[in-house]
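**Q** Just so you know, the protein sequences line up as chains A and B, in that order.
The end of the first sequence is residue 1010 by my numbering, with every number in the run present.
The end of the second sequence is residue 1010 by my numbering, with every number in the run present.
Some hints here could point you the wrong way.
Stated by the list, open to error - Result set (DSS-like, lysine-lysine): computed pairs, CA atoms no more than 27 Å apart in a straight line:
1. B:685 / A:173
2. A:416 / A:381
3. A:343 / A:262
4. A:455 / A:605
5. A:291 / B:173
6. B:262 / B:660
As the list claims (entries may be wrong) - Chain B is nowhere near these chain A residues, computed Cβ spacing over 12 Å in every case:
7. 391
8. 417
9. 566
Just so you know, these hints were derived from the structure itself, not from any lab.
C-beta: ideal position from N, C-alpha, C; glycine also.
Number of protein chains: 2
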Amino acid sequence: MQDALRRLNDYWTSRGCLVVQPFNTEVGAGTMNPATVLRVLGPEPWDVAYVEPSVRPDDSRYGENPNRLQTHTQFQVILKPEPGDPQELYLGSLEALGIDLAAHDVRFVEDNWAQPAIGAWGLGWEVWLDGMEITQFTYFQQVGGHNLDPIPVELTYGVERIIMAVQGATHFKNIVYSLAPDGTEITYGEAFGQSEYEMSRYYLDDADVETNRTLYEAYVSEATRMVEARLPVPAHTYILKSSHAFNVLDARGAISTTERAKAFATMRRLMRETATLWIERREEQGFPLLKQVTDEVAEPEASDRAGLGDEPRTLALEIGLEELPPHVVGQTIEAVRAALTEKLGATRLTHGEITVDGTPRRIVALVDAVSAVEPDAEQLKKGPRWQAAFDADGNPTKALAGFMRGQGVGVDEIVKAEFGGNEHAAVRIAIAGRHVLDVAASIVEDVVAGLRAEKNMRWRDPELSFSRAIRWLVALWGDAVVPARISDVVAGRTTYLQRVTAGMTGGRRSDGALVGHVDVPSADELLPTIGAGSIEVFTGQRRSAVVEQAEALASGVGGTIDFEGESALVDEITNLVEDPHAVLGRFDERYLELPAQILTTVMRKHQRYLPLYDASGALMPAFVTVANGLCDDDLVARGNEAVVRARFEDALFFWNADLKTERVDLFVPGLENLMFENKLGSVGKRARRIADVAAALAGRVEVSDAERTTLTRAGELTKFDLATQLVVEMSSLAGFVAGEYAARRGETPEVAQALVETEKPRTASDEVPASTVGALLAAADRADLLVGMFAVGARPTGSSDPFGLRRAALGLVRILREVPALAAVRVSDVLAAAGERYRAEGVAVDDETLAAAGEFVLGRFGQLMRDEGLTVGQVAAVEPSMDVPGAVAALLDDLRQASGEAGLQPLVEALVRIDRIVPEGVEPGLDEARLALPEEKELAREASEVGHAGSLAAFAASSGPLVEAINTFFDKVLVNDPDPEVKAARLGLLASVRELAPAGLDYAAVDAEL
Amino acid sequence: MQDALRRLNDYWTSRGCLVVQPFNTEVGAGTMNPATVLRVLGPEPWDVAYVEPSVRPDDSRYGENPNRLQTHTQFQVILKPEPGDPQELYLGSLEALGIDLAAHDVRFVEDNWAQPAIGAWGLGWEVWLDGMEITQFTYFQQVGGHNLDPIPVELTYGVERIIMAVQGATHFKNIVYSLAPDGTEITYGEAFGQSEYEMSRYYLDDADVETNRTLYEAYVSEATRMVEARLPVPAHTYILKSSHAFNVLDARGAISTTERAKAFATMRRLMRETATLWIERREEQGFPLLKQVTDEVAEPEASDRAGLGDEPRTLALEIGLEELPPHVVGQTIEAVRAALTEKLGATRLTHGEITVDGTPRRIVALVDAVSAVEPDAEQLKKGPRWQAAFDADGNPTKALAGFMRGQGVGVDEIVKAEFGGNEHAAVRIAIAGRHVLDVAASIVEDVVAGLRAEKNMRWRDPELSFSRAIRWLVALWGDAVVPARISDVVAGRTTYLQRVTAGMTGGRRSDGALVGHVDVPSADELLPTIGAGSIEVFTGQRRSAVVEQAEALASGVGGTIDFEGESALVDEITNLVEDPHAVLGRFDERYLELPAQILTTVMRKHQRYLPLYDASGALMPAFVTVANGLCDDDLVARGNEAVVRARFEDALFFWNADLKTERVDLFVPGLENLMFENKLGSVGKRARRIADVAAALAGRVEVSDAERTTLTRAGELTKFDLATQLVVEMSSLAGFVAGEYAARRGETPEVAQALVETEKPRTASDEVPASTVGALLAAADRADLLVGMFAVGARPTGSSDPFGLRRAALGLVRILREVPALAAVRVSDVLAAAGERYRAEGVAVDDETLAAAGEFVLGRFGQLMRDEGLTVGQVAAVEPSMDVPGAVAALLDDLRQASGEAGLQPLVEALVRIDRIVPEGVEPGLDEARLALPEEKELAREASEVGHAGSLAAFAASSGPLVEAINTFFDKVLVNDPDPEVKAARLGLLASVRELAPAGLDYAAVDAEL
C-alpha cells in the first residue's frame, strides 16, 4: 500500500502538484486540511496532492469490519482551476496505480457533495471500480459560504478500498502494507491493527463524555477568539479540533438533536468567518500565488462556403459532456429537442426530421436535409404616417424626407403599408437569405448556452453553467463545421468515444471498438462513428440492451428479474452507461437469512444491481450489474461481489449481534443513552411520552380490547430499534427492523406491525399506517416531536428545518386524514395531548406554543392540498374544517358535487350576504312576535321547510325558494331597524338561516371560487 | 523540497522501511509519533521512515527568523535492531539527496539525547553538514523507563536545514518547495508563510492561557483514564496532546517552575505506564512482528603457525569505532595503554615499546618485537603436608597416594616445597610456553571487552557496551591475524579509512588518499596504511596540524588566534577529526556590534570555531573551522558561514529588539508575566523580594552611601533581563545581558556590575561577585529561592533537584565565604531575612522550614569542603562555625597551623576531658572561697596566666602549663563532690578554663583527627 501512495504522489507531482503533509490534528476528511478548505478560496491557483489519514470515530468497528475503519487513508488532490481534463488525468492516476482500465469497469456515478457544516457544496461523482466507490470527484462550487472562482476540482481517493481491490484482499487487515526488498511482508493489520482496535475502544466505549464536552467548548472558544483576532489559520485549526471532539461525543451517543443543530450552526458560522478572513488576508498580501492564467480558445474550423454547394444536407450536433446524472440525461434530450425545434422553426431554413437522443456523456441531434441557405426575403420598413408623409402638394414632408435619407431611398421606392391598422409610408427592404452555417452556428450557440438543469455547476469555463461540464461540441452541416463558439466551447468535428487507456492500442479496444477521439468526416458519419465506438446513443435501444442482457444472464442461472417493479432502476442504469455490458454476480447464500428488503435495498439503492428471484419468487443469491463497455467479466464480477459482500457483512454483523438479545424489550433501556434533545431528555423518555400520548388518543377513537392490548405492548417497545446496531448503522431501516426483530423475538404480529407503522409515513409518497394502533403511535410520535421542538423554541425558519418538523406535520395531517379510525380526531387535540404529557414531566408548554404548533401543522396541510392540485380558494373554503383533516376530504367532495348545481352560486351569495350583516356570536332564533313583515315570515317558513341540509350539493339543489326568500328579505327589509328588539329578531332569523348550511366551509371563499 | 522528501522516502523504502504518515495530533518531534516511541519498545523488529511536521510553539518567530519555525519538518527513520552500519546507510541517504559528500564536510559530533519527560535517553551524534546540524543520530537505550532490546537507531533529519544547505537559501522562506513541470516555482514562504506567521501569533500572543490550562488538564485526565483502561494507543495520543498544550502555555510564559516539574513528572509517569502497557499488550498478541533474527558471526582468519617462525614481530591492534566523543578519545587511549601494558606484563612474552594513540574513530596500539612464544615454565603443585605425606615406614600415606594418583606421578617425582611457611609434598609441572597468537588473542579480547566510558551504550552486539559502537578490530602479529573474538566483534586485517562516497573512485579520493576499507598486510603496515588514508593517528601531531593550519589561515588575513585561551577548544577539535583540514570563514561585520562575549560564545560553544582577533585584540569578523579531511573549501566555508550567520542573526534580532527600549526599567513590568512558582507568584514578585532581602542584609554589613544608592537601583532592576528576548532565547546569558543593556541604557557602571553579579556564581567554578552590592543581591536571590521552595515543599529528593537548590545553596555559601564584606554574615540570618520577606506577602514560612533550609545549606557546605579535600573530621571540627562561612577559612587555617604545635594534642585532649564532664550551660566562674585544694588554685592561676588565646596555634604553643594543671586537677580532684556548692565551684572553674580556648571548633572532632 505504501508503494501505491508513492505512485500516486509521483504521478501527481509529475503533473505539477505541490505535496503537503497530513494535518497535525484529527480531520474527518482530506477536504478539511487547510491545503484544501482554505486554499480553494480566492483567486490564487493551487494544485496540491497529499495523504490524509481521516478519522471518523463513528466508523469504529474494533478492526473487525472488513471495510470500515475509524482511521482510513485518503489521498487528496486539488486542481485549481480545474484543468479542463480532470477525468482523464484521474484515470491516468489509476493506471499509474497499476489498474488495468481495459479490464475493470470504471464509472462516474452522480454523487453531489455538500457539507452544510462548513457551508460547502459541489457537484460530481463517486468513481466506481467494479462497483466499489474508490474516489469522490467533485467540482467545488462553494466553500465557507463563498462562491468559488476559479472552480477547483477535488479528487479524494479511498486508498484502502483501492488497494483491497487491487490486491484482492477481503479484509483491510490483509492488505500488504509494505514489502521489504527480501520479500518480507508487513500487513496493514500488523502495522495498524492494534491502533484500530484501541482507538475504536476509545471512541465507542471509553472516551469520557464530560471531558470531551469540555474540550469541545474550549476549542470553540479558541476558534471564536482567533476569528476575532483575524487569524484564520489557528481559527481553522480549532474548528477542526472542535469538530473532532463533536464526532467523539457523537460516537459515544452523547449528542442530542438540538446539540447537533447548534454545533453545526456554530461550525458553519466559524467556518464562514474564517473563510472570509482567509480571503481578506490573502488579498492584503496581494494574492502571492496569483499568476496570470490565459486560456487560449481556438477558432472554429473555417469552410469554403462556395464549395459546399446548395443541396440540403444533414445537420449533426453532438454536445459532449462529463457524465450527467441519469435523470438529467432525459431532461437534457428533451430540452435540446425543444430548443432546436423552436429555433429552427424561427429561421427560413427548410429541414426534415429532427432526431435527438443521448447518453450520459453526449447529447446527439440530427436534422435531416437542412437547406444550404435561407431564401431571400423582404421586409417593410415603417416610415411616418401616410397622412403626414406628403404635403398638400404631394411632396414628401420633412418627416418622410428624413426617413428616406435614413434609408437611402428615393421617393419612388416609398410604398403605402399598414402597420397596426394605420397607414404608413414604408420602404421594402430585401433580406438576403443567410447561409446555413451562420444560422446553424447561432442556433447551436443558443441551444448550448441555454442548457440548464435543476442543479447546475460551474467549471473552468468563464461563462457556462450546467449539470456537468460541457467538454466538446461536434457541429456539422454535411462535411462542414458549423462555426459555433460558446464561451470557451468551440464547435469542431472531433468526437470522444470511450476513453483511451493504457491497455488499448491503435485507437481500438480488444473487440475492435474505436476508442479515444476521432474526427467525424461529415454529419451523416456522426452516428456511425459513435456506433463504431460501441456506444448506443439511442436511449430506447440502450434500455433494451440492458434488459436483454440482464434477462439472458438471469435465465442462465434459472432466475428472473422483476423488470416491471425495477423499471425506475432500469431507467437509471440505462443512463449510467453508454455501452451496456451486463455482468452476473453472486453472493453467499448465508446472507439470505437477512430479510429480502435489507438485501434488495442495499443492492438497488447503493449498487444499482438488479436482484434475481427464483421461480418461487424468493430472492436468489445473485445479481446483475451493468458495466460500461467491454471488460473482464470475471474480474468485474469478483469486484462487485466483494463490494456487496462487505455491505451485507455489515448488515449481517449487526443483525446477528442484535438478535443475540432474547427479547426486544431488552433494547428499551438502551434508548436512555440516546439523546433526543437536551431539554427534552433521552429518546427513552420520548418513547414513553409517545406511548402515553397514543394511549390518551385511544380514548377518542374506537379501539377493541385486542387493539388496546397491542397498543400497550407496542407503546412499551416504541422506538426500541433505535438502540439496535443495525438501525444505528442504517437509519433508513428504523421501524422495519423493529417489526422484524419483534416478530422474531416473540411479539405478536399486531405489535410488530404497529412498530413498523409508527414510523409511517416516512415520505410524502409513503403509505400511512394501516392499523389503528400504528396510526395512534405514529400520530403521537409526530405530535411529541412538534410540540417538544416548539416548546424549546426550535421552530423551522426560512428554508432551514433541521429537525424535519415540516415532514412531521405533514405526516400527522396525513395520518388523521387517511386513517379512517382517526377521521374525527382534531389536530389540536393531538397536540394538546402531547402538550399535556410534556407538562406532566415538567416541560413548560403554554397555550401559545400549542397554538403556534397547530398553525404550523395546518399551514403544511394547506400546502399539501395545494400541492395536490387544489386552488388557493378551494383550500380557503375548507379552512374552518382543517383542524379535523379526516373531515376535509368529504367536504371537498361535497363542494365538487355542489359545483354542478345551478343553485349553488345564488345560495352561496345569499349566505355570504347573511354573513356580512350578521355579527359573529349571534344566536339563531325565531322571535315570531317581532317577525311581522311578510318577507320575514316567508323567510322563516322557507327556512323551516328546507331544514338542515345533509350536504352542500343537496342544499344547493333544494334551496332555490329559500334563496329567493333571502333575497326578497334583503330587498324589502331593513335589518338594522332602529328598534333594537326588532333588529335582534331579524339577526336571529338570519342566523337561523345560515345555520341551515353545512358547517365547516368558508362561504366567502367558496363564493370567490365560483 | 518535496522532491527531497520523496528521495528520502524512496531511499529508505528501498532499504525495507515501512512508511507511516505524520501523526494526527501535534507532536514536538518525530520521536513522539507512536511509530517511534511505542514501536522501539519490546522485541519486535521495526524499520520505519516518515515525515513529521514538528510543532514547537517556543520556536515561533512570526516567520521572520531565517532558520527557526514553529513547525519544521523532520524526516524520521527507525531501524530496529540497528543494522550494524547505520552511519553508512545514513551517508547513502545524503547522497540520494544529491549532496556531494566528497565536497562537503560531514561530521558526527557527540550529542547525547535524553528526554526525561518520557523516561528516554540514548547516545549518538548530531550530524554536521558544513557546521550545520542536519540530523540527530541516536542509539536509543531507554524509552518510557524501559531498557531497549534490541537497540534501535533513530535518524532525525532536519529537512528545512538540509534543503537550505543544498539550495543555498539564506531564509527558509526562499526554499523552493515545489517545481511544476513548466518550471513554475512555489517557495516555502508562499506555501507556508502565512501559517507560520499566524500560528506564531497564536502561540506567542493570542492563545488563551486559561483555555489551554483547561485543555491540558482534560488531556491528562483522558490519558490517565486510558492507562487505567489498558489502552496504550489512546493513552499515548492524550499524552501528546497534553504535551502540546503544555508547550503552548510555556510559549505564552505561563508555566512556573513547579508547574513544569509537576507536568514533567506526570508525563514521565504516564509515559512509563503506557510503555509498560504497550509491551504487555504486544506480548499478549504474541509479538506479531517478531521474526527470528540470527546474526552470523564470522570466524577469525586462521594462520599456519608453523610457517610464522620464531622471530619477535610487531603486534598491532586497531579498535574501530563509530565517532567517540572528543573527551572519551584520550581516556580510551590511556585505558587501552594501561590494560595492554598490564596484561602483557602478566604473560611471559617479551616485547619492546608499547605505543597507543588514536582518533575519534580508532584506537591504535603497537607493541614492538613481541616474541613468538612464551618460554616454557615450571610450576609446583602443592600436595599434603610433608609430615602427613609419609608414614612411619617412609611410605606414602593415603593422602600422598591420592595426590600422586591425581597428578599421575610416581613417588620419585615428589619433592618437598614450602607453601605459606609450611612444608608440603609437591610435584613439578612443566608449563609449555603459549604461542603469541593465543596470548595476544586473549589480551585483545580482555582489552576490548574491558572498554568502558562514563556513559556507555549498547548497540546490536549482544554483550558489548561502550561509549560508542565498536565496529571493527584489526589485530595482527606480524602478518598473522590474532584470532580474537569478543561477542560479535571478530579480529581481522581490514581497516576502515575515511568513508567511501559516490564522488570517490578507485578507492581513492581526489588527493590520492586511500578511502574505504583496506586490508593491512602486516602489523608494521597498519600505521602506513592508515596514513595512506590521510588519517593522523597521533593526537599530538593532529593537534599541531590543527594549530598550524588555523594559524596560517589567521595570519593570512592579518589575524591571530588565542591558542592558549582556546586550549580546551583546540583539544576538542583535535578529537573531532581524523584528518584536520582548517577552513577560514567570515561573517558580516555588522554582527560585531554585538558584545564579543555573545559572538565568541556562539562560535566556541555551538560551532567549535576558533575566533580571530586583530592586532588590537578586537574580534575580527572571521573564524577558523576544522573540517574532517579534504573538501571543497569554498563550499564548506559558505555552509559554515550560513550557520553562524543564522545564529548571529538570532542574537542580533533580539539584541536590537531589546535595545529599542529606552530604559531598562521598562522591562521590569514584563517580569510579572513570567511565572516563578504558582504559590510564590511571578518573577516580578520574586525580584522585589530579592531587592528587599538584599536591602535588609545591607544593614548587617558595612556599605557606603554610594553602595546603598547602587543597591537601591540594582534592586529595582534585578532580573529585568529575564524579560528580554535575548535572554528568553539564550538563557545562559542572563546577568551578562542585564549588565550590557543597563550600561547602554543609562545606568551607572556600578549598577550594571551589580546586575551581572546577581547571577554569580553560576557554577562551582564560577567567580563570586566582586562588589558588595552584587554579593548582597546574589545572596538574597539564592535565599529567596531556597526558602520559597522549602516553604512550598519542593525540597530536593534523591538525585532529583529540578529547581537547582543544591547549586543555590552552594552559591550562597560561597558568597558568604568568599566575599570579604559578607564574612560575618550568618547563613541563618540570610534565610531568616528571606523568610521574613515571604511572610510579609502572606506566604507561610515557619521556623521548621527555615531550620530545614539552613540544614540543607550547611549540608552542602560540608560537602563542598569535603570536595575541596578536607576530611570528614576536619569538616566536623569546624561544624559549630559553619553558619558563618566567612569565619570557617580562618578557623581551618588556625587548625592547620596549630597541628604543627606539639602542645596541640595534650591541649585538645584536656579540653575534651573538660567537655565531657562539664554539662552545657555551666557558667564560667571562680568561686575562690570554695576552691581550696592546691590543684584547684594551681589551675585557676594557670588559667588566668594564659588568658584568652588569639588562635588555637598560639594557645597550643603556650598552654603546656595549663594542660599540666588540668591533668593534675583531674588526677587529684573529684569534680563531683558530694557538696553541691563545691561541685558547682569546680565545674565553674573548668568552664572558665574551657572558655579560654578559641570558640567555633568541635574539640572532640579535632581530637579525633589528631
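**Q** None of the hints should be skipped; say for each whether it holds.
**A** Against the structure, the hints:
At roughly 59 Å between alpha-carbon atoms, residue 685 of chain B and residue 173 of chain A are farther apart than 27 Å, so this suggested pair is violated. With a C-alpha separation of about 11 Å, the suggested pairing of residue 416 of chain A with residue 381 of chain A holds against the 27 Å cut-off. Our distance criterion of 27 Å between C-alpha atoms is broken by residue 343 of chain A and residue 262 of chain A, whose separation comes to about 51 Å. Distance check on the hinted pair: residue 455 of chain A and residue 605 of chain A sit about 21 Å apart at the alpha-carbon level, within 27 Å; holds.
Between the alpha carbons of residue 291 of chain A and residue 173 of chain B the distance comes to roughly 19 Å, so the proposed pair stays at or under 27 Å and holds. Distance hint between residue 262 of chain B and residue 660 of chain B is unfulfilled; the C-alpha atoms sit about 37 Å from each other, more than 27 Å. Annotated as non-interface, residue 391 of chain A keeps its C-beta farther than 12 Å from every C-beta of chain B; the closest such distance is 75 Å. Taking the minimum C-beta to C-beta distance to chain B, about 65 Å, the non-interface status of residue 417 of chain A holds against the 12 Å cut.
Every C-beta of chain B lies more than 12 Å from that of residue 566 of chain A, the closest at about 43 Å, which supports listing it as non-interface.
Going down the numbered hints, you'll see the structure goes against 1, 3, 6, while the others check out.
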